[in-house]
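*Asks:* Make a model of the complete structure from these sequences and hints.
Chains as they are written, first to last, in full-length UniProt numbering: chain A, 1 to 258; chain B, 1 to 335.
Since the hints were made in silico from the structure, they are not lab data.
Glycine is no exception: its CB is placed at the ideal position from the N, C-alpha and C atoms.
Among the clues, some could well be false.
[Claimed, not checked] Interface residues of chain A toward chain B, partial, derived using beta-carbon atoms under 7 Å:
hint	residue
1	Arg84
2	Arg93
3	Asn95
Here are the chains, one letter per residue:
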Amino acid sequence: MAKRIDVSGLTAYYGSHKAIEDISMTVEPRSVTAFIGPSGCGKSTFLRTLNRMHEVTPGGRVEGKVLLDDEDLYGNGIDPVSVRREVGMVFQRPNPFPTMSIFDNVAAGLRLNGSYRKSELSDIVEKSLKGANLWNEVKDRLNKPGSGLSGGQQQRLCIARAIAVEPKVLLMDEPCSALDPISTLAIEDLIGELKERFTIVIVTHNMQQAARVSDRTAFFNLSAVGQPGRLIEIDDTERIFSNPSVQATEDYISGRFG
Amino acid sequence: MDISTQNTEAPPPGPQPTAVDRKRAARSASRPGDRIFLGLSRGAGILLLVIMAAIAVFLTYRASLAISKDHGNFLTTFEWNTNIDPPVFGVAVLAFGTIVSSIIAMVLAVPVAVAIALFITHYAPRRIGGTVAYVIDLLAAVPSIVYGLWGALILVPHMNGLFGWLNDYLGWTGVFSWNDGPPRSMLTVGILLAIMILPIITNVSREVFRQVPQMHEEAALALGATRWEVIRMSVLPFGRSGVISASMLGLGRALGETMAVATVLSPDFLIHASLLNAGGGTFAQNIASKFSEATQFGRDALIASGLVLFVITLLVNGAARLIIARRAEYSGANA
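*Replies:* Below is the structure:
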């Protein structure tokens, strides 16, 4: 179910501006990989190239290869829509559909992919909400609007919505940066459970969070403002935080800059 | 418990206010800019209410003068004879014509306007979208008498083909049967009104669709939605109340449109089942064509019909607000 991501020589542009340059890495299935680095270093841009969301931005374009197991996401004739059905995404700010109920939010992706019987749909919605540790809090008000939940609950609702369609990979773009510490803890615990089933990539500004949740950590940096972001190194999280092989990583982690 | 009385009984603990504090408090209480602006905005609000009330009072008073002498039923009579004694007049035909022509206009204009707005905001390349938006804006600036002349001189002569076709295939319904008369009918008026209200509905819808937060659209995209599915899941639900408001603005114009209708329609005082046969009338058209030659009493009667139009417009707006309010819990504004 979970798949390996294999990126080679990936460069992404906004119009003529090169945002990230020549990034190569491998992300193992059923693991959590964290992207850290200073603001503007391109880690979010890179994340968005992994489900072809980058090209939604006007002028967004990508060179290089992203293999999901053996399939090139940027190959000829690959439909970005079908890529996004395989690679789910959770955003920085919780974004449940405001006009939909909690149930419909979780079922939204399923309804795109085909027709389900009502009982099937309820089963998957329940399973997904349980998977996102939200079921007990919302089971009595599935027909209420999702926008009535707290920020942390909304984010878990978005996670339930993303995992309902059984993606191969789950991308998370600073999923806790808009949440309070307790909600953050709930999401972090959830990430630990979800990695049994999915390949997870998470962008975070919080280095403690990277250290807590991830198996591997990738450090991104840019040499100067306006220069493209680059991958400095990727290694086991423990090693990155104790004994990184590049000086810049150590400087960043120990707070000497950035 | 009232805070101010509490304060007078027991002085607040902590350091006493200094001279600077007192000065600052005095200054903020009487900042002249605030007071002027408060007065201006409050005055504008009150003025608006006064004007509305004055219009209602004027209409009601003059209307009551006429209606009290009406020997027909003011709501159901198919006649408008204010110069005979006793006078007989009623608004049934006008209400029917006004509502039917406006419904035709809405049915034709709203889907097209929403489609154009979606095209401009979500499909067209930026430059083409801008050009289309500009042309639509120009359409809104055309005076209604020009629409009326265009309708009478260009649109009416070209309606024969459409009317014949409708009569051939849908004539059996009665609604689309045609007596081969001049096509100066409710359908032609409805089509003309549709063109006239298209710009306002398009422009307001466009602004609403443009304001759909990026994150809602990305939520749909990330689930693997196609462009149309993004529109269906994020854009249309978010813009729903805005589109209703836009339609109400358009409807308001359609209900009250005068010159264009008066120029195109060939009026009579009958309700025609067919939308294709010439005849019928609308409130505004009837007032415009009769007002200049009406007696004092005739004018009061016309004002009475204007009062009915006023009430219909209020009801329509109220209904629209109800529709919007009922779904407020789910509105995009909560996000």
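*Asks:* Hint by hint, say whether it matches the structure.
*Replies:* Going through the hints against the structure:
{"no.": "1", "hint": "Arg84", "in the structure": "holds, 4 Å"}
{"no.": "2", "hint": "Arg93", "in the structure": "holds, 6 Å"}
{"no.": "3", "hint": "Asn95", "in the structure": "holds, 4 Å"}
Hint compliance for this structure: no hint is broken.
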